[in-house]
Amino acid sequence: GTMAAAALLFLLLVAAAGPGRAGAGRARRDALREELLLSPLPAGDVAATFQFRTRWDADLPRGAVSHYRLFPKALGRLVAALGVQELHLALTQGFWRTRTWGQPPLQAPAGAELWVWFQPTVMDVDKAWKELSNILSGIFCASLNFIDSTNTVTPTASFKPLGLANGTDHHLLRYAVLPREVVCTENLTPWKKLLPCGSKAGLAVLLKAERLFHSSYHSQAVHIRPICRDASCLAVSWELRQTLTVVFDTFSSGQGKKDWSLFKMFSRTLTDACPLASQSKVYVDISPKNKEKELLEVTPAPASVYEAIVQGDKRTYAVYDLLSPSLFNTSRSLNVQLKWKRPQDSSELPTPVLHAQRYVSGYGLQTGEISTLIYNTHPYRAFPVILLETVPWYLRLYVHTLTIITKGKENKPSYIHYQPAQDRRRPHLLEMLIQLPANSVTKITIQFERALLKWTEYTPDPNHGFYVSSSVLSALVPSIIAMKDVDVEQSPLFTSLFPSSDGSSYFVRLYTEPLLVNLPTPDFSMPYNVICLTCTVVAVCYGSFYNLLTRTFHVEEPSRGGLAKRLANIIRKFRGVPPL
Amino acid sequence: ITDVLTAVALYLAIQDFNKVVFKKQKFLIELDKYAPDVAELIQTPMEMHYIPLKVALFYLLNPYTVMSCVAKSTCAINNTVIAFFILATIKGSAFLSAVFLALATYQSLYPLTLFAPALLYLLQREFIPVKLKSKSFWLYTMQYTALYLCSLVVIICLSFFLLNSWDFIPSVYGFILSVPDLTPNIGLFWYFFAEMFEHFSLFFICVFQINVFFYTIPLAIKLKEHPVFFMFVQIAIISIFKSYPTVGDIALYMAFLPVWSHLYRFLRNIFILSCVLVVCSLLFPVLWHLWIYAGSANSNFYYAITLAFNIGQILLISDYFYAFLRREYYLTHGLHLTRQDGTEAMLVLK
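As you go down the protein sequences, you meet chains A and B in turn.
Residue numbering for the first sequence follows this note's numbering, starting at 8 and increasing by one per position.
Residue numbering for the second sequence follows this note's numbering, starting at 271 and increasing by one per position.
Incorrect hints may appear among the rest.
[To be verified] Keeping only pairs whose Cα atoms sit at most 30 Å apart, straight-line, the calculated DSSO-like set for lysine-lysine is:
id, chain 1, residue 1, chain 2, residue 2
1, A, Lys461, B, Lys512
2, A, Lys80, A, Lys207
3, B, Lys342, A, Lys461
[What the hints assert, rightly or not] To spell it out: a stretch of chain A is covered by chain B in this simulated footprint if at least three of its residues, at any positions, have a beta carbon under 8 Å from a beta carbon of chain B; those stretches are:
id, stretch
4, 367-373
5, 400-410
6, 459-466
7, 544-553
These are computed hints drawn from the structure, not numbers from a lab.
Glycine included, C-beta positions come from ideal geometry on N, C-alpha and C.
Using the sequences and the hints given, assemble the complete structure.
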């Protein structure tokens with residue numbers, strides 16, 4: 008559809024005149040939009056999603072750009088120098104509980120996740136990937152330099168480009184997850200520094216570390232992708248989206264009641280919009296959950312209400328426009344308050360259409376089994392889902408034990424791509440396209456064996472275990488209500504995260520839990536002892552054989568006896584006992 | 271099936287070998303090479319009649335063989351090839367022996383060391399004395415070497431054509447030589463390299479691999495009159511010091527023990543060693559379970575049993591070697607040894 012036309016036109020652009028002519032008639036070459044989405048979750052928690060989108064009408068890989076205004080220079084030069092087509096980096100702490108919280112707008116796995124599409128002009132993709140992960144590790148103060156060939160895979164079907172793409176050769180894609188990575192303030196600070204207004208004005212003033220990390224789920228991400236400049240898609244712009252999703256928990260924030268306000272969540276209120284932003288809005292999800300009267304009351308009263316169909320559901324949002332002069336008339340600061348009108352019934356929790364869970368079973372330190380359960384709760388529609396599993400090499404998967412069972416019967420996947428691991432070089436990669444029948448549970452199990460590693464390959468806390476990164480489920484979920492095509496410029500940012508191909512389904516990417524697996528450990532205090540004892544055994548053999556090979560039998564000559572024997576004989580003479 | 275084949279091959283081999291030994295004994299008696307009072311040391315046909323059967327039974331009923339059969343290990347196939355190689359060597363067919371040795375080397379590198387005993391036996395059979403200057407010696411050696419190398423090359427090239435790449439050479443032989451996988455087994459290597467300092471790992475890998483091949487030449491020099499015993503000692507050394515030993519390898523050399531049952535009176539520590547071996551074999555699964563499943567023991571426990579088991583094996587082999595050499599001495603020098611002044615003497619190794 009639109010994507011194919013976009014790809015064709017992108018080819019024409021190579022011979023087209025420079026974008027300078029097209030940009031001459033424009034007032035600005037880059038634009039910033041910021042947005043905060045507050046959505047109360049069914050269980051009483053609140054999810055806040057910040058999005059900062061900088062769009063820059065420049066041709067990064069081609070032109071020698073020297074004047075950076077809103078687009079951060081660090082990222083711009085990175086994209087230009089390493090030939091990056093698309094970059095997605097997410098640092099997450101916690102796990103999004105899809106079953107109780109609903110479908111996430113944009114989920115990321117626990118730890119650090121980095122996936123990058125490179126331009127077709129890049130010759131050595133692995134070298135560029137290594138450089139990229141090292142540079143990003145410096146920019147974001149995260150240990151991304153631990154990304155190497157033992158945790159990088161090349162998925163073939165799961166991660167299609169989200170922006171404009173000129174053909175998809177999957178050898179240009181690299182994906183890596185570091186599930187052990189911890190996210191903290193020192194990762195937030197450089198992320199905030201990339202924002203045009205920093206954390207001094209606009210929505211970013213709410214991003215205070217001591218409140219943000221006191222939450223159940225914290226995910227900050229950077230997405231860079233090329234997009235169409237306008238509807239005719241004659242030119243390419245680069246879009247940088249920085250998203251931050253945080254879920255505040257009633258229990259962890261020490262509040263018994265489920266009334267929220269911006270001040271309670273962030274310990275700050277909004278005072279003004281970022282002066283560099285062309286749009287700055289706060290959306291609050293006030294959709295009535297079961298078509299009765301509203302559950303929520305929002306104060307101050309919103310200036311307008313926006314209705315949209317998001318993820319197959321009709322939703323209503325209260326909109327606060329920070330750039331409109333009428334907003335700050337009554338008070339100097341904006342403190343949005345949400346009050347629950349009636350108590351939440353736990354029986355009314357709506358289940359999302361697609362959710363999954365994963366666990367490891369088995370006993371002992373030798374073998375185990377990874378089981379993934381995928382639930383399709385749609386009443387009558389079946390849809391396929393692509394499952395991507397990356398398992399480290401030291402858990403040796405037995406692919407012949409892979410079973411997929413749906414409703415008691417075996418379910419054969421229509422596409423399997425399996426790449427076995429190589430010790431210390433490559434992890435396992437398993438990608439499958441599985442059809443999920445309506446209203447069913449699919450169980451995928453695979454058995455593995457644990458390897459014994461060299462003592463230097465263990466982490467300093469080896470009995471904590473080793474992490475297996477989350478598996479990725481990508482699906483086009485059929486929606487109950489038909490959705491319209493969104494115009495990226497006009498509609499809110501949270502509706503245009505993923506490109507939509509048609510109105511009948513929406514794209515969802517889910518992650519399962521990471522797993523923690525124990526490996527048998529050698530005794531770390533023993534290296535010298537082990538070397539000595541083993542060499543002793545070898546020396547015993549060598550000694551015995553040396554004796555037998557180099558010496559011959561002789562009749563023993565009588566000897567006078569040593570000193571001890573003579574002394575013993577003297578004592579015996581005194582006792583009257585015969586001598587030795 | 272392979273186990274039965276191995277047993278049958280060993281049976282036939284030992285039968286032939288017994289005939290050879292008996293002939294040689296008679297020959298030496300007639301030559302008066304033996305001392306007069308060693309009548310009780312000489313092997314009689316009566317006691318030698320049941321040895322092949324005992325060998326076959328030792329192999330088939332050995333708990334180690336049963337264990338490796340239940341585990342469906344490819345060790346049984348290795349054993350079969352080596353058994354056929356021994357049969358071919360003892361029958362005297364140089365071509366078949368070279369082919370089977372090439373097959374055995376192709377599967378795991380270590381049977382390469384069995385080249386020397388096979389060569390010595392075939393030379394003995396052809397009545398070619400092992401003298402460095404003799405032309406017939408070199409001629410026969412060259413023939414045998416050529417046969418062996420040709421069959422090896424043929425097998426490797428067949429593999430190449432099956433796979434269309436040379437990748438299998440680092441995967442198979444590189445794996446055996448460089449020991450990358452550290453799954454615990456009954457050998458000495460795994461824990462050693464799990465706890466090795468990175469700096470020295472290459473050095474110690476080389477030392478351990480040389481250790482297997484190193485005993486061939488000294489043993490060849492010492493045991494050039496008795497190539498079948500040499501073969502037995504060599505197989506035992508391979509199965510103790512190879513990089514991934516299994517109980518199936520142990521079963522193979524244990525099957526030969528009845529052939530030398532006449533050495534029983536000269537074995538020094540046989541009771542302790544057999545106790546050590548039995549106790550260690552029983553403790554292996556117990557300590558493995560404690561380490562991996564119960565979590566109440568350490569990897570050190572299993573490693574200790576590995577050490578004790580290997581020491582038991584090593585001392586068993588050296589004990590048999592000692593007994594063999596001692597019997598040879600007695601055969602040539604008489605059973606009752608007297609010193610210069612007439613009192614009873616003791617034998618020492620000096």
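Here is how each hint holds up against the structure:
1. A:Lys461 to B:Lys512: Since the Cα atoms of Lys461 (chain A) and Lys512 (chain B) sit roughly 19 Å apart, the hinted pair holds (cutoff 30 Å).
2. A:Lys80 to A:Lys207: Holds, because 19 Å separates the two Cα atoms, which is no more than 30 Å.
3. B:Lys342 to A:Lys461: At roughly 28 Å apart (the allowed maximum being 30 Å), Lys461 (chain A) and Lys342 (chain B) satisfy the hint.
4. 367-373: Holds, because 4 residues of the stretch 367-373 of chain A bring their Cβ atoms closer than 8 Å to Cβ atoms of chain B.
5. 400-410: Check failed, 0 qualifying residues.
6. 459-466: Coverage by chain B holds here, the residue count being 5 at a Cβ distance below 8 Å.
7. 544-553: holds (count 7)
Of the numbered hints stated above, the single one contradicted by the structure is hint 5.
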